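J.: This is what each chain is made of:
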Amino acid sequence: EAQVTQNPRYLITVTGKKLTVTCSQNMNHEYMSWYRQDPGLGLRQIYYSMNVEVTDKGDVPEGYKVSRKEKRNFPLILESPSPNQTSLYFCASSLRGQAGWEKLFFGSGTQLSVL
Amino acid sequence: RKEVEQDPGPFNVPEGATVAFNCTYSNSASQSFFWYRQDCRKEPKLLMSVYSSGNEDGRFTAQLNRASQYISLLIRDSKLSDSATYLCVVYNAGNNRKLIWGLGTSLAVNP
Numbered sequence: 002e003a004q005v006t007q008n009p010r011y012l013i014t015v016t017g018k019k020l021t022v023t024c025s026q027n028m029n030h031e032y033m034s035w036y037r038q039d040p041g042l043g044l045r046q047i048y049y050s051m052n053v054e055v056t057d058k059g060d061v062p063e064g065y066k067v068s069r070k071e072k073r074n075f076p077l078i079l080e081s082p083s084p085n086q087t088s089l090y091f092c093a094s095s096l097r098g099q100a101g102w103e104k105l106f107f108g109s110g111t112q113l114s115v116l
Numbered sequence: 002r003k004e005v006e007q008d009p010g011p012f013n014v015p016e017g018a019t020v021a022f023n024c025t026y027s028n029s030a031s032q033s034f035f036w037y038r039q040d041c042r043k044e045p046k047l048l049m050s051v052y053s054s055g056n057e058d059g060r061f062t063a064q065l066n067r068a069s070q071y072i073s074l075l076i077r078d079s080k081l082s083d084s085a086t087y088l089c090v091v092y093n094a095g096n097n098r099k100l101i102w103g104l105g106t107s108l109a110v111n112p
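Quick note, the sequences are listed as chains Y and A, same order. FYI, in my numbering the residues of the first sequence are 2 to 116. FYI, in my numbering the residues of the second sequence are 2 to 112.
Calculated from the structure, these hints are not laboratory results. Among the hints, erroneous ones may be present.
Said to hold, decoys possible - Straight-line C-alpha distance at most 20 Å; calculated DMTMM-like pairs for lysine to aspartate or glutamate:
| no. | chain 1 | residue 1 | chain 2 | residue 2 |
| --- | --- | --- | --- | --- |
| 1 | A | 46 | Y | 31 |
| 2 | Y | 70 | Y | 80 |
| 3 | A | 43 | Y | 31 |
| 4 | A | 3 | Y | 60 |
| 5 | A | 99 | Y | 2 |
| 6 | A | 99 | Y | 31 |
| 7 | Y | 18 | Y | 2 |
| 8 | A | 99 | Y | 57 |
| 9 | Y | 18 | Y | 80 |
| 10 | A | 46 | A | 83 |
| 11 | Y | 18 | Y | 63 |
| 12 | A | 46 | Y | 39 |
| 13 | Y | 104 | A | 58 |
| 14 | Y | 58 | A | 4 |
| 15 | A | 99 | Y | 63 |
Remember, it's a predicted structure, so these values are computed and weren't measured experimentally.
From just these sequences and the hints, can you work out the full model?
T.: Here it is, written out as structure tokens:
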């Protein structure tokens, strides 16, 4: 089954404790992206990757890191989480077509709480 | 002005009603347009791409008005299961090739 697998689904941590949210897709998609979603602010892009070893900042990259060493995986790393990073996070992937965009497939989300 | 704007609602309609949402965008060079559906705290899912000529998928119809820079989504014969947030998404190749997401319109279909 074509899917984007994101883990964990829920995570509670404390300020400053490094964490990684994993994201893996099995569709051979070139494009992968991380979003955070907050009430009243909608979906905001954190980082994206057009292909292996190619990553770019989105709209809200501060406090986050990513890597794309393999096509299928795109982990999100919070080196020193802070309470303002409490949010619902989504990973997404897409096969880019001639029109520029094909359908975005999303993971099921990670609800992160930083205490 | 936000790049993509939607009426947040909520729209409360009875089952069987027809409801329409609009979404306005500010960049006239925008190329591609989409409607996504998101259930509470779940991942967004593509509902429809929006084509220049308009397109229909069952009870759902999407239209694009480039002159007035808006897209619309029409839902006919609303079902309880249509209750969700509908997100308008716009792509502009010149804008670092990013998708711009609206904040969404909330729909509640009541029995």
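J.: Hint by hint, note whether the structure agrees.
T.: Hint check results:
1. A/46 with Y/31: Status holds; Cα separation ~19 Å.
2. Y/70 with Y/80: Cα-Cα ~18 Å, so holds.
3. A/43 with Y/31: violated, 24 Å
4. A/3 with Y/60: The given pair, whose Cα atoms are some 14 Å apart, holds under the 20 Å limit.
5. A/99 with Y/2: violated, 27 Å
6. A/99 with Y/31: holds, 15 Å
7. Y/18 with Y/2: Measuring from Cα to Cα gives roughly 34 Å; hence the hint is violated.
8. A/99 with Y/57: Distance ~11 Å between residue 99 of chain A and residue 57 of chain Y Cα, so the pair holds.
9. Y/18 with Y/80: It holds: about 7 Å lies between the C-alpha atoms, which stays within 20 Å.
10. A/46 with A/83: holds, 13 Å
11. Y/18 with Y/63: holds, 16 Å
12. A/46 with Y/39: holds, 18 Å
13. Y/104 with A/58: holds, 16 Å
14. Y/58 with A/4: With a Cα-Cα distance of about 19 Å, the restraint between residue 58 of chain Y and residue 4 of chain A holds, given a limit of 20 Å.
15. A/99 with Y/63: holds, 18 Å
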